[in-house]
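K.L.:
These are the residues of each chain, in order.
Protein chains: 2
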Amino acid sequence: MKNIYIIGVGLIGGSLAIDIKQNNPEVVIHGISRKEATLNEALSLDLIDKKATLEDIDNADLVIISIPVDATVKLLPTILDKISDSGLVVDAGSTKLDICKVIENHPKRRNFLAMHPIAGTEHSGPSAAISGLFKGKTNIVCEVEKTAFKLQEKALKLFVDIGMRIRYMNPEAHDKHIAYMSHLSHISSFMLGKTVIEKEKNERDIFDMAGSGFASTVRLAKSSPEMWTPIFKQNKENVIETLEEYINNLKKFKELMEKDDFEEVYNEMKNTNHIKQILNGIA
Amino acid sequence: MKNIYIIGVGLIGGSLAIDIKQNNPEVVIHGISRKEATLNEALSLDLIDKKATLEDIDNADLVIISIPVDATVKLLPTILDKISDSGLVVDAGSTKLDICKVIENHPKRRNFLAMHPIAGTEHSGPSAAISGLFKGKTNIVCEVEKTAFKLQEKALKLFVDIGMRIRYMNPEAHDKHIAYMSHLSHISSFMLGKTVIEKEKNERDIFDMAGSGFASTVRLAKSSPEMWTPIFKQNKENVIETLEEYINNLKKFKELMEKDDFEEVYNEMKNTNHIKQILNGIA
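Chains as they are written, first to last, in full-length UniProt numbering: chain Z, 1 to 283; chain U, 1 to 283.
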């Protein structure tokens, strides 16, 4: 592998660039971005070796797409058109169904691998890229059987080498479960932040009262709306289902409080407490 | 100050014991607990110097109450009965109104100081006690004018010395604002945990998909139901109000998704994003 093109050099693309370059110093990392300023920043941070455009990717061994998922759906067919027979395109999007669908009948389907590396922080942009972000994390690969075997093998080695565990899942199951394990957390956090800001907007120094518990629960409300709006749009049905269940559970908790049934309030919490064991091992 | 009694030697009481002892090696820390096993654990962890009972506190210079807030309301009058004229009782409860009320006409009201040190983790019990927990954190003091001046002065020095900022507030304002800044976060986290566990209970290995975002948002669901049930009970009206607003914001978000108004979904998130700036400085 010699030429790797990364489309979108923010948190995910930039962090992949750092780790891949460290393991494979012979590789040339080409950066592609809509915004010249982002590319210049990525270059000055040494995330990429060269600036490039979509016109250049015919000599790519690997193209990594790490941009908002609506842009991926739009661009992916054109990118696949341009890739050579021995090149591979992978994406790192947080949804998988729409992305897999848009190229299901593409003549170069076997040159594409759908992935979701489950790693990140609440920050975004090239300056958010950090080394070691993917160590010990899960990379979900969808429809692996539709990708040429030699190409999958090469790509998966790259991701295993930066510390990832590979897990296989179909796109429907991915989108359904990830709505619970990730998308809902983002909405709960954004709406918690909104509720508190609305209430306390005239008393800014009230935020002195915030402890580390509030900071942790509301952390994801710092996430990028540019990335998250298209995720919610593509995974609309699943996300709405999780929201319905979450709202119902909150309502039930409120009703228990209203009728002074604190024995059941206690049980609600006690029964959820074993999340301790479940979460063991997650950073 | 020579004899300090700590009633409840768990996360808060135990962590206070560590820091106070470090700054004041001459002090003897006496531990009091309902459970003999807890006291033995605190002793073997060197959190306390001696085991004691409520009968012993007539020679206390300072009594720190760090037990569930319903137990504090029940015990506080008896403890104040027993304290000497030169002794001070403080509590560390997460609610303040009911606690201040129960002793408002007590003949020894001036020997009590109501506090809420805003610090903690999701763990509990003596083994959860850590040094430095209070460094840079806020200690909210209520009705300071009702405490004898010399006694406040002595106690506040102790808390400033372990790194706390002292903030003054009346009990009503404390309970109202803390419902937003802390109590709501705990419910949002418990119900998030519940929603995900309910859905995924038959697919435990789905939790492999959880990233650090989910772990952070659900962290408080590990908290102790024994501590939190009485907090929600005492702060019922305020907590119900926060829950109503939170549920309404979630419903509105869901409705925007249902009618495909993703421009507004974007705005909802963008408008909450400045929580970044607000949270700057919180651990």
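Source of the hints: derived by calculation from the structure; they are not laboratory data.
The reader is advised that the hints may include incorrect statements.
Unchecked claim - Calculated lysine-lysine pairs in the BS3-like style (CA-CA distance at most 30 Å, straight line):
id, chain 1, residue 1, chain 2, residue 2
1, U, LYS154, Z, LYS254
2, U, LYS259, Z, LYS270
3, U, LYS176, Z, LYS251
4, U, LYS51, Z, LYS201
5, U, LYS176, Z, LYS176
Stated by the list, open to error - Computed, partial: chain Z to chain U, Cβ under 8 Å:
id, residue
6, PRO25
7, LEU43
8, SER44
9, LEU45
10, VAL144
11, ALA148
12, PHE149
13, GLU153
14, TYR168
15, SER182
16, SER185
17, GLU200
18, PRO225
19, VAL239
Predicted model, so just to flag it, every value in this text is computed and none were measured.
For every residue, glycine included, the Cβ atom is placed at its ideal position computed from N, Cα and C.
K.L.:
A separate judgement is required for each hint: does it hold in the structure or not?
P.N.:
These are the hints, each one checked on the structure:
Note on LYS154 (chain U) and LYS254 (chain Z): the hinted pairing is violated, with a Cα-Cα distance of about 41 Å set against a maximum of 30 Å. Our distance criterion of 30 Å between C-alpha atoms is broken by LYS259 (chain U) and LYS270 (chain Z), whose separation comes to about 37 Å. Straight-line distance between C-alpha atoms of LYS176 (chain U) and LYS251 (chain Z) comes to about 20 Å, which keeps the hinted pair within the 30 Å bound. For a cut-off of 30 Å, the pair hint linking LYS51 (chain U) to LYS201 (chain Z) is broken: about 47 Å separates their Cα positions.
The suggested pairing of LYS176 (chain U) with LYS176 (chain Z) is violated, with an alpha-carbon distance near 38 Å, which exceeds 30 Å. For PRO25 (chain Z), the shortest C-beta to C-beta distance to chain U is roughly 29 Å, which exceeds 8 Å, and the interface hint is violated. Evaluation of the LEU43 (chain Z) hint against chain U yields a violated restraint, the C-beta minimum of about 26 Å exceeding 8 Å. For SER44 (chain Z), the interface hint is violated, the least distance from its beta-carbon to any beta-carbon of chain U being 23 Å, above 8 Å.
Interface restraint check: LEU45 (chain Z) against chain U, minimum CB-CB distance 21 Å, threshold 8 Å, status violated. The restraint placing VAL144 (chain Z) at the interface with chain U is violated, with a minimum CB-CB distance near 17 Å, outside the 8 Å limit. Taking 8 Å as the C-beta contact cut-off toward chain U, the hint placing ALA148 (chain Z) at the interface is violated, the least distance being around 26 Å. Because the smallest distance between the Cβ of PHE149 (chain Z) and any Cβ of chain U comes to about 25 Å, over 8 Å, the interface hint for this residue is violated.
Because the smallest distance between the Cβ of GLU153 (chain Z) and any Cβ of chain U comes to about 22 Å, over 8 Å, the interface hint for this residue is violated. Evaluation of the TYR168 (chain Z) hint against chain U yields a violated restraint, the C-beta minimum of about 12 Å exceeding 8 Å. This hint holds: SER182 (chain Z) has a C-beta 6 Å from the nearest C-beta of chain U, less than the 8 Å allowed. Of the supplied interface hints, the one on SER185 (chain Z) holds, with its beta-carbon coming within about 4 Å of a beta-carbon of chain U, less than 8 Å.
For GLU200 (chain Z), the interface hint holds, the least distance from its beta-carbon to any beta-carbon of chain U being 6 Å, beneath 8 Å. This hint holds: PRO225 (chain Z) has a C-beta 4 Å from the nearest C-beta of chain U, less than the 8 Å allowed. For VAL239 (chain Z), the interface hint holds, since its Cβ comes within 8 Å of a Cβ in chain U; the closest pair sits about 7 Å apart.
This entry does not satisfy hints 1, 2, 4, 5, 6, 7, 8, 9, 10, 11, 12, 13 and 14, going by the numbered hints stated previously.
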